[in-house]
Structure formats: structure tokens, C-alpha cells
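Kindly produce the complete structure, drawing on both the sequences and the hints.
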Amino acid sequence: MPFRTFVGPSLMSSFSNEFLLFSLSRQMTEESGLVSLGNLFDSPSNMPAADCVKGIVAEYLPSGWREWLVRDVISSPLELDPSTRNKLRFAIPSVRLLEAFFPKCRHVSEKKFKEVKDHLLSWPFGRALIFSPSKISIHLRGSEERHVQFVRFTDCFRDLCLSRSQVNKVLESMDVEACSVRSSEPGKSTDLESPPYEPLTPPLSRSLPGPGNGVSVSRGSVRQAHPSLAHHTDPVLMRQPIPPSTDVRMSALEKSVSSIQSEMKTLVAALRASAAPPQSSLPHSPECQESDMSDSEFSEDECYSPSPSHGPRLLPADDDPWGHSLVRDPEVPLDASFWDPMTKEKDPDIQEPSALLLSQGILCQRLGEAAWNRIRYADAEKKLKRGAMFQPLAMNSVFEKNNSPVDFALRQQERLLGTVCHGLLAQRKAFKDTLSNLVESCPAAKETVKECFFSEDSEFRSQSEALLQFVCGKRAEVISDRRKAVMPPDGVRTLQLINPSTSHLFDEDALAKWSASHSTSSVPRSRQVRKRPFSAVANDGGHSSKRPMAASAPEPFRQHRGSKSRPSAKSRGVGSKHFTSRQSNSRGRNFKAKGAF
Numbered sequence: 001m002p003f004r005t006f007v008g009p010s011l012m013s014s015f016s017n018e019f020l021l022f023s024l025s026r027q028m029t030e031e032s033g034l035v036s037l038g039n040l041f042d043s044p045s046n047m048p049a050a051d052c053v054k055g056i057v058a059e060y061l062p063s064g065w066r067e068w069l070v071r072d073v074i075s076s077p078l079e080l081d082p083s084t085r086n087k088l089r090f091a092i093p094s095v096r097l098l099e100a101f102f103p104k105c106r107h108v109s110e111k112k113f114k115e116v117k118d119h120l121l122s123w124p125f126g127r128a129l130i131f132s133p134s135k136i137s138i139h140l141r142g143s144e145e146r147h148v149q150f151v152r153f154t155d156c157f158r159d160l161c162l163s164r165s166q167v168n169k170v171l172e173s174m175d176v177e178a179c180s181v182r183s184s185e186p187g188k189s190t191d192l193e194s195p196p197y198e199p200l201t202p203p204l205s206r207s208l209p210g211p212g213n214g215v216s217v218s219r220g221s222v223r224q225a226h227p228s229l230a231h232h233t234d235p236v237l238m239r240q241p242i243p244p245s246t247d248v249r250m251s252a253l254e255k256s257v258s259s260i261q262s263e264m265k266t267l268v269a270a271l272r273a274s275a276a277p278p279q280s281s282l283p284h285s286p287e288c289q290e291s292d293m294s295d296s297e298f299s300e301d302e303c304y305s306p307s308p309s310h311g312p313r314l315l316p317a318d319d320d321p322w323g324h325s326l327v328r329d330p331e332v333p334l335d336a337s338f339w340d341p342m343t344k345e346k347d348p349d350i351q352e353p354s355a356l357l358l359s360q361g362i363l364c365q366r367l368g369e370a371a372w373n374r375i376r377y378a379d380a381e382k383k384l385k386r387g388a389m390f391q392p393l394a395m396n397s398v399f400e401k402n403n404s405p406v407d408f409a410l411r412q413q414e415r416l417l418g419t420v421c422h423g424l425l426a427q428r429k430a431f432k433d434t435l436s437n438l439v440e441s442c443p444a445a446k447e448t449v450k451e452c453f454f455s456e457d458s459e460f461r462s463q464s465e466a467l468l469q470f471v472c473g474k475r476a477e478v479i480s481d482r483r484k485a486v487m488p489p490d491g492v493r494t495l496q497l498i499n500p501s502t503s504h505l506f507d508e509d510a511l512a513k514w515s516a517s518h519s520t521s522s523v524p525r526s527r528q529v530r531k532r533p534f535s536a537v538a539n540d541g542g543h544s545s546k547r548p549m550a551a552s553a554p555e556p557f558r559q560h561r562g563s564k565s566r567p568s569a570k571s572r573g574v575g576s577k578h579f580t581s582r583q584s585n586s587r588g589r590n591f592k593a594k595g596a597f
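All residue numbers for the sequence shown refer to our numbering, where the first residue is 1 and numbers rise by one.
If you are wondering where the hints come from, they were derived from the structure by calculation, not from laboratory data. Just to be clear, a hint being listed does not mean it is correct.
[What the hints assert, rightly or not] Keeping only pairs whose Cα atoms sit at most 27 Å apart, straight-line, the calculated BS3-like set for lysine-lysine is:
1. Lys446 to Lys169
2. Lys474 to Lys484
3. Lys104 to Lys114
4. Lys112 to Lys169
5. Lys111 to Lys87
This is the structure we're talking about:
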């Protein structure tokens, strides 16, 4: 029987038309310089793990991918700048790809990631899988139409094309899951069939325009499509539909849910068994006659309902299927909880040190030993002692004559605090330099060192900053006491506005302006009492024993005593002239002494 008669005239006609279209498409492909992905896939390659990568690509690409076309220029390597190379994205699941190159690796460094990308760029079939940046993909495929169709067809697994940081997170989670499986009991099977790393929510899809194509694409990829490409789809790419990939994920999700339910049932049974009162005190019911029932055979049905006096009240499983309220504490009467006395204590002003630091402090101070007063510190003082601001601030020349014995003790205390401050700052600098050298020799430890020593919540940083804060604050208090000891009562408010300088208790320039704007009576000086010469008393004729007191008295008192208590110069006779001159001299000395104070 002829072949045409067996298949029928209509079927033979459609077969001839399809064969003619395929021949024309093949001829146009060869003439336009295009090559199919199937030819690139079958060509030999010297790339490491090429067979594994081919298997991964064949597993994830939809059927009909071998007929997809790219330009023949893809056989030549691409010349790209480093910034563009970092933006390249390949339509290959990243986790599976890196596992093919580094099977047992659980952390991919930047060097390894670039190495894999270089291998794919050196492989023609790898260059054909580039979908981003779009300019390079359009250049390799010859038209924007093929680029948009390639993006649409690979949208079902493009969520698996991850960055390096995302890949490392997935590998770490896989490592933790593997460790938990190895540490589980041997009798329990925890190996569940898990799908590839994909989102559980399937992408929203809609069909491509065109009669009879039956291809679904995601809504996210349609945003990249050009509006004019809706009516110009490639018949080779539109030939096969993309198979749905949600069935595997949904089946794995159902298995996980069933496993969780079984674990919850086991947990509920264990909670009920642990919360049950002793078996001897339980009133048995007719349904619970088997006394040799083990804990593993405990039924979920309630066989008893103990009273609140026996312990916590058990709820049936129907009330709370998740087991949150299976055990409830017995109700406490209001009077018992309300009338119980309770007080709170405040923290002590000085907290007790830790046992380790207490023992170390006693050992260093030699307390309780005969050598407590033989601790050397001269060598250490030479190493820590420095000048400039680490020594006590000098007294300004205006107040040098008004120094008090208290200032000496305050200077000694300020000198001690300055030396401790310098030692603490030198210790911090030496520690910082040592850690910098450590990080330079071991860059991998940089994050650990930063977290342990330099983070805001680290114990070392908080203790070091607290010590520095205490030393500087205590020295500021000592400096304030030294300033108050020399301030005159009428100039305290003004002198407090003058800040200390780096070398003196008061800033020199500001203090000089203050001294110039005030009278000399505001500047404190040491009191000097001048005695009268002996010759002046002898020449007075015996009348000067009381007169000097009257003459040296303050001016208000001299005015208040009046002329009745003091005889006139004429009544005193011969010595009146001498007394008048001495009285005028006494008044001059009294005025000068008053101005000095």
C-alpha cells in the first residue's frame, strides 16, 4: 500500500507543510549566521566539570531548548571590562553549579566565584546562557525578541540564580541540616526527599499571545518585553511548552507538613504523660483496665479526669489541637497572693568584686603579708611619668602668694591621676597597634577581632572606657578644688568663667584681662602688718600709748568717736604739733594698708 494512501491526503499535506517550514527555518539559520544551543551543547569542551554543568542545564531548561538560536559570534570570546564582568548572570542554578565545581565546599570565596564565572565565559555554551545585562544578551542572540523569549522561558528557575552571599547562606543551612540528620537517632528516618532550592509560591503566569502556543510565562518577565514583540515570536522557541515545576515542591511540602503533624502528636503525648499524677492515685475507669501500659502506649483519649487537688488540670485534645493549653497551673486564691509580704532591695553602693579579681588584688597588694610595704614603684613611675598636661597644672602668678597648705596635697593627687591617665592611654595605643599587626598577618580574623574588642557592647571596650572616664573626671574634680581655694570671695562668679589652660589653673590671657578690668583691691595678697618705730613712741612725751590706736583705727570708727573723746591740739600744749604730723602719717599708712586688702 502506498505511504500516501495509508496516512491519508490531509495528514500528508500538513506533514509536508511542516517539513517545508522546518527546511526554510534551517536554511535561514545557516544563511544568517545563527547556531542552535544543541550544537553548542554537543561540542566538546575542556572546561572542568563540563559534563556536570551540562547535566544541570539539561535538567532545568524546558523541552525544546536545543532549538533555541544564538549568533555564531558566540564562538569567539567576549572582551568585557571588570565592572561588566561582575554584572554577568547565567541561567544556571547557582548552588548546583558551585557544587559541581567544589563538591564538599560549604563556603564560596570571592576568588572561587570569579573562577567559576571565568570558566563559563571561556565556554561557548556558557556564554549562550547569559541573560543579564540585557545588552550583552541581545548582542549574543541577534535580536531583542530572542532575548525576551529566552528570559521568559528561563523565568521558572531564575530565582535559583543567586549571588555569592545568598549561595553561602544556602550552603550553611544545608550544612546545619546535614549535621542535624547525622546526630538524630538511628531508628528514626529523617531523610525527606527535598526539591531544589526554589520558592514555594509559583510565579504568576499568563499565556503568550499567539494561536496554539500554550506557553506560560511569569508576570515579572513580561515587564522586560517590548510591546512590539507580541506578534513576532520565534516558531522554534514557541514549539514546546514549559512543564510546570510546582508539583515537586508541593509534594515535598505535603511530606513536611505530615512530618510536623506526627512530631506534634508525639510531643502532645509526652506532655500529657509528664503532667499526669502518679498511677496509684488515679481513679481507674472501666476503659482503663490495663495496668501494665507503658509510656509509649499512652493513648491520646482521656481515660481519667483528675481533680485540681492532684495537680495541673489536663485538657482534652479537642480544646487545643496544638497543645498550647494542655497544662494549666491550679488557680491561686486572691487572699493568698494579695497578703503575702514582698519587698525589694536596692543595689549596694559599692558592688562586691569577682572572686578572681579579689584574689588577684590581694596578691598584688601583698595584703596580710610582711612585704606589704616593700612594693617597688620607682621604675614603673619613670616609665609612666610624663610632662606637659600629665603633670599638675601650675598656679598663676596672680595667686602665687595666696597658696594654702591644702594645695600641696591636691597637687600630689593631681600628679598621681595624670600619671595613671598617661599610662592608660599608652596601654590603649600599644593594644591597638598589636591588634593591627595581628589583622595584617591574619586578615580572616578581622571581623572576630572587631567584634570582640571594638564593638560597642564588648566587655573590654566598656571596662577600658570606664577607667579612662573615671581618671579624667576625678582629675577635673581636683583641679576645680585647687581653683576654688585661691579665688577671692568677690570674684568667684567671674573667675569660674575662665577655663584652665593646658599648663595653668586659669587661662593666662583671660586672667590678665580680668585683672586689668578690676581694681587692685580685688586681687588677693598676703597681709603685711607694719610696726611703728620705737623713736616715735619715745618722742611722744608719754602720751602716745593710746593715740596710735586711735590713729590706726579704721576711718568709720575715727569719725564715730567725735571730738569730745579726743582733746584738741591746743589743749595738749607742746606735743600738739608733733602729734598732728604723726597722726597724718598714720592715716596715710592706714589708707595704703586698707587698699592692699
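Outcome of the hint check:
no.	hint	result
1	Lys446 to Lys169	20 Å, holds
2	Lys474 to Lys484	16 Å, holds
3	Lys104 to Lys114	18 Å, holds
4	Lys112 to Lys169	16 Å, holds
5	Lys111 to Lys87	16 Å, holds
Taken one by one, the earlier hints all hold for this structure without exception.
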